[in-house]
Amino acid sequence: MFSQLRKFEKILVTGPQRSGTTICAKMISEDTGHKLILEEVFGNSLESFSIIVRGEINFVIQCPAMNKYIHRFDDDITAIILMRRNVDDIIASEKRIAWEGTSELKRYGLSAGIIADIKYNYWNTYQKHKITNAFEIEYEDLAVHPLWVPKEERRNFTSRQIRLGE
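Residue numbers (the working numbering): 481 to 646.
The set of hints was computed from the structure by calculation and includes no laboratory data. Be aware that a few hints might be false.
Claimed, not checked - The list that follows gives simulated cross-link-like pairs (lysine-lysine, DSBU-like), each with its CA atoms no further than 35 Å apart:
no.	residue 1	residue 2
1	Lys-548	Lys-631
2	Lys-515	Lys-575
3	Lys-515	Lys-586
4	Lys-586	Lys-631
5	Lys-575	Lys-608
6	Lys-631	Lys-575
7	Lys-515	Lys-631
8	Lys-506	Lys-487
Unchecked claim - Cβ-Cβ distance ranges computed for the label pairs, FRET-style:
no.	residue 1	residue 2	range
9	Ala-572	Leu-526	24 to 30 Å
10	Ala-592	Glu-510	23 to 29 Å
11	Gly-593	Leu-627	28 to 34 Å
12	Lys-515	Glu-618	22 to 28 Å
13	Leu-518	Lys-610	40 to 46 Å
14	Ser-483	Asp-554	33 to 39 Å
15	His-625	Val-567	20 to 26 Å
16	Glu-489	Leu-526	28 to 34 Å
17	Arg-552	Val-624	30 to 36 Å
18	Gly-523	Tyr-588	37 to 43 Å
19	Pro-630	Ser-483	22 to 28 Å
20	Ala-592	Met-481	36 to 42 Å
Fair warning: this is a prediction, and the values are worked out from it, not measured in the lab. Built from N, CA and C at the ideal position, the CB exists for glycine as well.
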């Protein structure tokens, strides 16, 4: 499904939290053979993220918290992927795991709002046209990948779980 992305040395997967960045990054890693780096490695640190992105090659990095800054990492060898998912589904997923986007709102200079809408609007109006290799992936389109687990089978998944029995 994602083998065409193999030509990129760096693949950054961003978007709102709960939009599918984890499963998408894992699928891309599986299809391309690139090393997978999850957001826990750098946390919310832009500096740590920058060090990884500038120093590594042949990787896929899951980075929803870096959405605000992602356009800064644009170059010819980098694919920047934005995950698209229905905002109501994102909100339902946030509620399911009791995730609050307070720190994400602060990145955008806000204290209230629907962070998924804010991120999508920022991407559409400010970032997308600045990125050489910008891609958008619909969450529902991931369902054809072998790593996909149907919704009814993942109802009790933890926030990081993507496979049954993990």
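Gly-593 paired with Leu-627, Cβ distance criterion 28 to 34 Å:
Between Gly-593 and Leu-627, where Cβ atoms are some 32 Å apart, the hint holds.
Holds or violated: the 20 to 26 Å window for the beta-carbon distance between His-625 and Val-567?
The hinted range 20 to 26 Å holds for His-625 and Val-567, with Cβ atoms some 23 Å apart.
With the threshold set at 35 Å, check whether the alpha-carbon distance from Lys-548 to Lys-631 stays at or below it.
Within the cut-off at roughly 29 Å; holds.
Verify the CB-CB distance for Lys-515 and Glu-618 against the hinted window 22 to 28 Å.
25 Å, holds
Compare the distance between the alpha carbons of Lys-575 and Lys-608 with 35 Å, and conclude whether the hinted pair is satisfied.
28 Å, holds
Pro-630 and Ser-483, beta-carbon distance inside 22 to 28 Å?
24 Å, holds
Status of the given 40 to 46 Å range, CB of Lys-610 versus CB of Leu-518
26 Å, violated
Within a Cα-Cα threshold of 35 Å, do Lys-631 and Lys-575 meet the stated pairing?
16 Å, holds
Can you let me know if the beta-carbon spacing of Gly-523 and Tyr-588 is within 37 to 43 Å?
18 Å, violated
Given the hinted pair Lys-515 and Lys-586, is their Cα-Cα distance within 35 Å?
31 Å, holds
Using the C-beta atoms of Glu-489 and Leu-526, is the stated range 28 to 34 Å upheld?
This hint is violated: roughly 21 Å between Cβ atoms.
Straight-line Cα separation of Lys-515 and Lys-631 no greater than 35 Å?
27 Å, holds
Hints 10, 13, 14, 16, 18, counting from the list given before, are not met by this structure.
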